[in-house]
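2 protein chains.
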Amino acid sequence: MKLLQEKIMREGKVLSDDVLKVDAFLNHQIDPVLMQEIGKEFAKRFKDEKITKIVTIESSGIAPAVMAALEFGVTVVFARKRKSLTLQDNMYIAKVYSYTKQETNEISISKQYIHEDDRVLIIDDFLANGQAALGLMNLVQQAGATVAGIGIVIEKAFQDGGSKLRESGVRVESLAEIASLNNGTVRFVEHAVAEVK
Amino acid sequence: MKLLQEKIMREGKVLSDDVLKVDAFLNHQIDPVLMQEIGKEFAKRFKDEKITKIVTIESSGIAPAVMAALEFGVTVVFARKRKSLTLQDNMYIAKVYSYTKQETNEISISKQYIHEDDRVLIIDDFLANGQAALGLMNLVQQAGATVAGIGIVIEKAFQDGGSKLRESGVRVESLAEIASLNNGTVRFVEHAVAEVK
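Note that the protein sequences, when read in sequence, are chains X and S. Be aware that the first sequence starts at 976, since it is given in my numbering, and climbs by one per residue. Be aware that the second sequence starts at 976, since it is given in my numbering, and climbs by one per residue.
With the rest of the complex left out, here is chain X (with noise of 0.2 Å):
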C-alpha cells in the first residue's frame, strides 16, 4: 500500500535493527484519513471472504479494526489484555508473550460477541513474532468460529511471525512489508518496493 510505505518513510523512526517506532502516525498519535484508507485497503483485499466480525487487541490495533469494520458492515470486538473488574466470567482467554514489552500478558474476550458461524478477521497494527496473531486466533479458535484472514498494517518480514501464520494455513495480508531497518533505512520486500513506482 503506497500511501502507508510512503508515510513509513516520512514519518517512521528506525531505533534499531529490529525497532520501527510509527508513533507518529499508528501507535500513539493516529492519522485518522490514513486509518480510513487502511480500513479501505483491508475491505478490498478481504472482499470474498464473507467476513461477519473483526477482532482486534487494544490499543493500537482499535483504529484500523474500526475503519475496516466501518467498510464491512460488521463489528469489532478488541481482546484486553488484562481482566477488568465488570468483565470478568465468561471470557476466552489465551497468554500472549510480548518481546518489546518482555512480559506474558492475558488476552480475553467475551463468549458473547464471537459466535461459532463467525468468519473472523483479525486486524493488528504490528506482525514481528506472531504472538499477539496467534493469541487472537487461539481466542477465535476457542469460540469454534473461523480465521478467515489476518490483516496486518506492517509487518516485519525479516521475522517469523508471518512465515509461521501462512504455515498455519490462514490467508495473511500485510500492507507494508519490512525486509529489514539494517543501518537505520527502511526497505520494503520486492513486491511492496514495485508497487511504489
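Quick caveat, the hints were computed from the structure, so don't treat them as lab data. Small disclaimer: the values here were computed from a predicted structure and weren't measured. Check before you lean on any hint, since a few could be wrong.
For identical chains, the list gives no copy identity; a pair is met inside one copy or between any two copies.
[Said to hold, decoys possible] List of simulated lysine-lysine pairs, DSBU-like, C-alpha gap at most 35 Å: (1) Lys988 - Lys1086; (2) Lys982 - Lys1015; (3) Lys977 - Lys1086; (4) Lys1025 - Lys1139; (5) Lys1022 - Lys1139.
Start from chain X and add chain S according to the hints.
This is chain S only, laid out in the frame that chain X set:
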C-alpha cells in the same frame, strides 16, 4: 443524541446503581456506524472551536476519538496508561486514579505531539468522577496548549465529574447524560429525555 440513547436502552446493562456496562457497542465490542455518528455529533457541537488536535486515552476512547478526528481533519493522540519500552523519554505525565479498577495509573503523552498553539478537544467514553478527564487536561496544560472542550460519550450525571470539569470553566458536551441507574433502570437527564420524544 437519540441514536446513542436508544442503543444504551437496547444493549446497555445496568449492573448496579453505579455501573452501566456498554460492552456491546463501546467498551469491548465496537459498533463502527455508531462511532461514526458520534464523531459527526462531536464535530457539530465543537465546530466553532477551531480544534487542531484530539486527545483521548486508551483503550475505549480511541474509536470515538478517531471518528471525530476524521470529521475535524486533525490527528488524535491517545494517552497511554503506562510507559512502554519504546516510549519513555520526553513525555508529559499525570497520575490518574481509577475507582473502577481501584488503582493509580500514570498516563502519558509524548511532548512531540501536542504544541503550545494547539486547541485540543479531549474525548473519552465515560465521565463519572472526572479523574481521567482531569488527567488529560493536566497533560494538555503541561504542553501550554488550550483545552478547547471535552467531549464525552456517556456521562454519569449523578457523579460529580461533570460539575468539577464545568466549574473549572471548560466546555463539556456529553452525548448521553444519565440521571440515575437506580432499580436497574437507565434514566436520562431531562433535556436528553425530551430529545428522544
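Open item on the list: Hint compliance check: list the failing hint numbers for this structure, sorted ascending.
Closed with: As far as the earlier hints go, not one is violated by this structure.
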